[in-house]
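Residue numbers (UniProt numbering), protein chains in the order written: chain A, 1 to 406; chain B, 1 to 406.
The hints are simulated quantities; they were obtained by calculation from the structure and are not laboratory data.
Among the clues, some could well be false.
Put simply, identical chains are the same to the list, so a pair is met inside one copy or across any two.
Said to hold, decoys possible - SDA-like cross-link-like pairs, simulated, lysine to any residue; straight-line CA separation at most 20 Å:
no., residue 1, residue 2
1, Lys-366, Glu-376
2, Lys-140, Ser-157
3, Lys-403, Gly-185
4, Lys-366, Ala-329
2 protein chains.
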Amino acid sequence: MLEVIRGLSKKTDSKIVLVVLDGVGGLPLETNGETELATAKTPNMDALAKDSQLGLIELVGAGITPGSGPGHLSLFGYDPIKFTVGRGALSAVGIGVKLNAGDVAVRGNFATLGEGRIVKDRRAGRPSDEKNVEIVSKLKAAIPEIDGTPVEIYTESEHRFVVVFRSTGTPLGANVSDVDPQETGVQPLTAQALDAASEKTAALVNAFVARAEEALRDETQVNGALFRGYSDVPHFPSYADVYQLKSACIASYPMYKGLASLVGMDVLDVPGEEDAMEEKMQVLRDNWDKYDFFYLHSKKTDSTGEDGNFAAKVKKIELFDSLLPQILALNPDVIAIVGDHSTPSKLASHSWHPVPFLLKSNYGRKDLAQRYTEEEAGKGSLGLRKGTDIMPLLMANALKLQKYGA
Amino acid sequence: MLEVIRGLSKKTDSKIVLVVLDGVGGLPLETNGETELATAKTPNMDALAKDSQLGLIELVGAGITPGSGPGHLSLFGYDPIKFTVGRGALSAVGIGVKLNAGDVAVRGNFATLGEGRIVKDRRAGRPSDEKNVEIVSKLKAAIPEIDGTPVEIYTESEHRFVVVFRSTGTPLGANVSDVDPQETGVQPLTAQALDAASEKTAALVNAFVARAEEALRDETQVNGALFRGYSDVPHFPSYADVYQLKSACIASYPMYKGLASLVGMDVLDVPGEEDAMEEKMQVLRDNWDKYDFFYLHSKKTDSTGEDGNFAAKVKKIELFDSLLPQILALNPDVIAIVGDHSTPSKLASHSWHPVPFLLKSNYGRKDLAQRYTEEEAGKGSLGLRKGTDIMPLLMANALKLQKYGA
């Protein structure tokens, strides 16, 4: 379908804003009660909904709880079963590290090794983030490069870290076996290249493991490095190529900026701390003339759901509602509001429930849905759809898709 | 998608009950009238529906009338276009014959042969079931084995019978051409092996045909055997493998027990005659602690529809409604009610109409549907879906599916 859309897309002056309220779908705390969205006072979204078309979206499939990666790829129009991001690359993306063609990103765990290199704890007793930063500093000093290949080492959290081997010519292969034995009481495994292109990578990995153990030999708990999940840079057809769009990402958290950059969006700087929703409005205004597609991300609707804090999630929804008039004042040709998955406070985690989808353009039909809530969206004329339907609908409503066939 | 679900499934203590009211979907007798479900008095299903999520299900596809096999496979999560059961195997399953790896089941028709083995009637004048049993007895006595291969012969109904060739070592191939010429006025065809592995099977088939004609030479009407549809045992990924479920089938009729056993469910004994719905409740209670998934089947909702008996179908729906509290008393984490296809009394046959689907768990949203009927289910928040969405939804609602991607 992406190929069909690519063949139909055309450049026009119309502007699209895709607002992603992360994890916005919810659940009532009690049977037949109201969700976070239905509880929130949202006069601006209510007014918009009355003039919009609504529906419900499944990002990956029935019953499937999407991670942030697959959820966003689906919103961006890429089938999340077909287009996947490896764990190493997703970790790199999640901490804001840009991968280039030929590089390999590896997901690492710090471990505790005992006598004879026997793995005693695969997570090194889950060290604090501060301890992780301290260990990473030691490793950076000890292993700036291996045989001429630049090595970058990043803290992820607790026992997790990421290593990026930067290619200096021939691309590094990512088809390498794990160092992590997935059990204790045995030695770490020796990485093996699983194809010829990955032989250099396997050698780099094994050299890294040896030099890390040497550098950490005075540590008692965090004294080994295990690897699993090697990824080269995922290559997705870009927004410019598929949709003929000059597209911008307005987000604060590294994961979402990284996912947007994977599909070729320009990632705009957002000043301010944490979610910085007010600042994002200013960034949108400042860049309004420069782009024809804006992906605008709100994180806190998800984080509050993950915390199981129903009232706080309601407040974050209301915060966005208060800012919505600033977007509408720019008079976008198409505006859509959706989530990348549900995060019901009741579950304190991502969930499989469909997310409400609102689409406003000059070319909509009348619709029974009167609010941007799960229940009302279920009455909407757009029906229950998959996430990859969203981009074609936005493009069509912006009159950016040509007729298919004569 | 089955592979995705397999990768996400995890074992937990939660329990799922999937009630299949065979053929439950119906039609009004007159335009804008009420269906069997809407006519039935169903206070217990009504109360459950008010706390549940509803939708409509197409088991195979738009406009497609499912047979019992594809309808059930779809409910069980197996794409019925991809996963098929050969006619020979489905006939064997339908009469309760278990096939083992290496066996071949063949669907046979009794025929009337005239002078020079010319086929005069491909269905032998549609003999009575009693005559079929008498002929099968003769054949059993005459052909207990062929060259050391055990031969089993079973009555299906009228002119239809099933032969099972039991493998005694090397698996028997099922790639054999038909004996049935599909027309009269010609001789039966000689079976040909279409691959090397099926040569022994073709020889067995031809020997069977000759020995059957010899054994039936004193018969005037039922004196020949035609074959078409050869199947080895269908191999489906099991419920234990795909869903990590310990699953049980509570059904009375061979076809449904056979289909459940094909996907690896334990088939529980149900005492009593015919549909034995009351007895099934006792079997459910007796086995409640031993399984985490129960498939509970009601046959008579279909048979009454097949008979074109609207009032009788209403009664069978009401019978199930009266038993529903016994299931709810066990407090399942997830209960679903659905059909494997519609069987409107008006058509007196299976039909293509979507079936209503009810899903109750602790993780549902409010829903407009107020009864378990076709019309109300059409208002439900689960929307119009395909049959293979059901198992992922049941698994998700039982919190038995992990997140997809990070």
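> For Lys-403 vs Gly-185, is the C-alpha pair at or below 20 Å within one copy, between two copies, both, or neither?
Replying inline: Cα proximity of Lys-403 and Gly-185: none, with 63 Å in one copy and 30 Å across.
>> My question is about Lys-366 and Ala-329: at a cut-off of 20 Å on alpha-carbon distance, are they close within one copy, between copies, both, or neither?
In response: Neither way: Lys-366 and Ala-329 sit 23 Å apart in one copy and 34 Å across, limit 20 Å.
> Between copies, within a copy, both or neither: which fits Lys-366 and Glu-376 at Cα up to 20 Å?
Replying inline: Intra 14 Å, inter 10 Å, cutoff 20 Å: intra and inter.
>> Treating 20 Å as the Cα threshold, decide for Lys-140 and Ser-157: within, between, both or neither.
In response: So Lys-140 and Ser-157 pass the 20 Å test inside one copy only (16 Å; across, 72 Å).
Hints 3 and 4, counting from the list given before, are not met by this structure.
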